[in-house]
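Residues per chain are reported as follows:
4 protein chains.
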Amino acid sequence: MKLKIFSVGGTIDKVYFDRLSAYEVGFPSIQTILAGLPIGFEYEIESLLRKDSLDMTDGDRRFIKKRITAEPCSKIIITHGTDTMIETARVLSGLDGKCIMLTGAMEPANFKSSDAIFNVGVAVGAVWSLPDGVYVAMNGRIFDPFRCRKNREMGIFEDT
Amino acid sequence: MKLKIFSVGGTIDKVYFDRLSAYEVGFPSIQTILAGLPIGFEYEIESLLRKDSLDMTDGDRRFIKKRITAEPCSKIIITHGTDTMIETARVLSGLDGKCIMLTGAMEPANFKSSDAIFNVGVAVGAVWSLPDGVYVAMNGRIFDPFRCRKNREMGIFEDT
Amino acid sequence: MKLKIFSVGGTIDKVYFDRLSAYEVGFPSIQTILAGLPIGFEYEIESLLRKDSLDMTDGDRRFIKKRITAEPCSKIIITHGTDTMIETARVLSGLDGKCIMLTGAMEPANFKSSDAIFNVGVAVGAVWSLPDGVYVAMNGRIFDPFRCRKNREMGIFEDT
Amino acid sequence: MKLKIFSVGGTIDKVYFDRLSAYEVGFPSIQTILAGLPIGFEYEIESLLRKDSLDMTDGDRRFIKKRITAEPCSKIIITHGTDTMIETARVLSGLDGKCIMLTGAMEPANFKSSDAIFNVGVAVGAVWSLPDGVYVAMNGRIFDPFRCRKNREMGIFEDT
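Protein chains in written order, with this note's numbering: chain A, 97 to 256; chain B, 97 to 256; chain C, 97 to 256; chain D, 97 to 256.
Because the hints were derived from the structure by calculation, they are not lab data.
Be careful, since some hints might not be right.
As the list claims (entries may be wrong) - With a Cα cut of at most 30 Å, we get these calculated DSSO-like pairs of lysine-lysine:
| id | chain 1 | residue 1 | chain 2 | residue 2 |
| --- | --- | --- | --- | --- |
| 1 | D | 194 | D | 147 |
| 2 | C | 161 | C | 246 |
| 3 | A | 208 | B | 194 |
| 4 | A | 208 | B | 162 |
| 5 | C | 208 | D | 147 |
| 6 | A | 246 | B | 171 |
| 7 | D | 246 | C | 98 |
| 8 | C | 194 | D | 98 |
| 9 | A | 194 | B | 98 |
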């Protein structure tokens, strides 16, 4: 019973920047989250990219797909920026023998009010429970990436 | 898409007591947790009991089963003390047309290091994803209540 | 025994902004901080400005000085951005009959790792304890604004 | 500019115990608090006792006094249980050449709602600012230990 986790950046991993400093997507925050909890399964975390998802290119998505295709573990979580999480999920659809859960956060994991820990929990609960496929785990729900969108005004993912 | 949540007490809801004060299981902490997050589904929370699970009786379990049997919502989470969570889960097995997820926490939700938010996330992710049945969601895993136990020394739930 | 608190903005009050949203200095975070604590003194909080301190003008400082001069309470804390906190402190020097403590934070109060609560504590402990004058309370120290500077590389205030 | 910190136990350092586990006063929490902050002064922390302050004896207080008398540093903070903090402060009065600040917390430092970080801040701000003597720093105020009491019903220290 093993879980492979890839981080590619996004708000969940953002660290603070002030007006005189450079902006930065930091260390995979899912590592800090899981390290602080009594976790009963084996996992491995690998940082593939550290990008705001608005900056992610088609090339980045091909790279992610290549790495996930080569990954022997069948249970996979990807922490990703929310703005283009759905696009990446669609690119990953059709991979055989894998249950892939994309999640992220509306607020950086270092915020007191962040949804990061909860979202990671939702992704973990769903990845063990669902058949192979690609899913988006946000706002306490599990979405089919071909039938959802991010509603920026509401700050929430919803069905289309 | 609606979730019904019952709280019956346990460590997750414990509030502080000092040497000169009375001990107390407080308000359902899952309510505070969900209220602080951008949740995309409808839910309703009902407090059935406020007990340390070591104090829970057969009568308490019959009462919980009666209430859950009468509950029309098919997706159910119960926050429960960890010491006898498995016993309650077994009592609830066999109810038709319901996916019931029991969860709780090793440390009170008000602790900085608590596993409560994560565990609630795991239960939420799993309750939408699994077929009808009764499950225990602890330590980032989903257990069959007839094939797990709480390992007190390790502070973790494990397979039997 | 009363404390008057003015907020003028700065990192301590910053709220999150993502790439597609507008930037904002939010509500005075010292209000949330004190409201959550068992405080044994009377206080009043007034928001004068909501500015990144790099955007603060001479006119802003004249306005702050005017308001503080008119303030009858003799014990005053100002939450302020760290980049020009020292300049504002110097402008306020020479006001009779007032003990004025400027503080702020290196990280927004909403960050888990923020220094905001601690810094507010230091300012409160010092404002009751020192003779009239203007002081900067940062990094657990109380500085004379004419003999300190912000060391940006180290992220710390220090003596000059 | 150096601060010596002694911890003797109390609620601030309490770690969780459940119904089947032994009770424990843990590691000095002030160490974790200060280690996570951008602190601009030198400090040293020493754990003298790990006791609920209700269990503290006259012998314990003599031991604390002996250690503090022998301490060369003139600026001292003691983290202490709140129930008998005032008694210990009185025992320490009359020591020459030292500014001694006793503080603690109404809730363990590991609680999300704990007053520990704030109280430590208040003690730090006051210890640099006040003349030699013994003081109690609680609820954002600095008390003379001969003119205050803990109001248990209100959960607050107050003047007598």
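Against the structure, the hints:
Simply put, residue 194 of chain D and residue 147 of chain D have alpha-carbon atoms about 24 Å apart, close enough for the 30 Å limit, and the pair holds. For the given pair, residue 161 of chain C sits about 22 Å from residue 246 of chain C by alpha-carbon distance, which is consistent with the 30 Å threshold. With a C-alpha separation of about 34 Å, the suggested pairing of residue 208 of chain A with residue 194 of chain B is violated against the 30 Å cut-off. Pair hint residue 208 of chain A plus residue 162 of chain B does not hold up; C-alpha atoms about 38 Å apart against a cutoff of 30 Å.
Annotation: proposed proximity of residue 208 of chain C to residue 147 of chain D holds, straight-line Cα distance about 29 Å (limit 30 Å). Between the alpha carbons of residue 246 of chain A and residue 171 of chain B the distance comes to roughly 25 Å, so the proposed pair stays at or under 30 Å and holds. Distance hint between residue 246 of chain D and residue 98 of chain C is fulfilled; the C-alpha atoms sit about 20 Å from each other, no more than 30 Å. Under the criterion of a C-alpha separation no larger than 30 Å, the hint pairing residue 194 of chain C with residue 98 of chain D is consistent with the structure, at around 28 Å.
Annotation: proposed proximity of residue 194 of chain A to residue 98 of chain B holds, straight-line Cα distance about 28 Å (limit 30 Å).
Checked against the numbered hints listed earlier, the structure breaks hints 3 and 4; every other hint is satisfied.
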